[in-house]
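Could you build all of it, start to finish, from the sequences and the hints given here?
Residues in the sequence shown are numbered consecutively from 1, following our numbering.
These are calculated hints, taken from the structure and not from any lab test. As the structure is a computational prediction, the values presented were derived from the model and not from experiment. Warning: the hint list may mix true and false statements.
[Unchecked claim] As a list, the in silico DSS-like pairs of lysine-lysine whose alpha-carbon atoms are at most 27 Å apart:
| id | residue 1 | residue 2 |
| --- | --- | --- |
| 1 | K59 | K15 |
| 2 | K6 | K59 |
| 3 | K45 | K15 |
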Amino acid sequence: MNDYYKDLGVSRDAKPEDIKRAYHRMARKLHPDVNADDEAEDRFKRISQAYDVLSDPEKRRAFDSGADPFGGAANSFGQGFSFSDVMDAFFGQAAGGAARGPRSRQSRGQDALIRLDIDMSEAVFGVERELTIDTAVACGTCHGEGSQPGTGTRTCDVCAG
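See below:
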């Protein structure tokens, strides 16, 4: 079984922010776009897998108790996985029962494009910023009505509202 803590170079009691920092530091050095060495690519895959497990509290708990979420086939339905999760992944809700929560009837609108100026050092070393975005802006085409004026039931092409 892999030792994800060793792969990221952190202790077993590392805080989530320490795990994230270690992953980003190593990923910058080992990413295939930066480092063409075959061994670096393998190490990048290992640290990505380690980060995937250690950054998720549920997967980390399972790993700490001896389960390896990415272990071999003998461990496929082991701790941390349920048969219903596998069925849902293959067949969706048709395979087994009710949805696990309320589903929105509306489809997603267009993505928001936000321009943010950052320094070169922030681009290289990373930065965290908190943004407040007003999402309650009416569509300029349908004005929040959900369909373009004069089209009746035709859904707005801009916001899909």
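Going through the hints against the structure:
1. K59 <-> K15: Status holds; Cα separation ~15 Å.
2. K6 <-> K59: Given pair K6, K59 holds - Cα atoms ~16 Å apart, limit 27 Å.
3. K45 <-> K15: holds, 22 Å
Violated hints: none; the structure is consistent with every hint.
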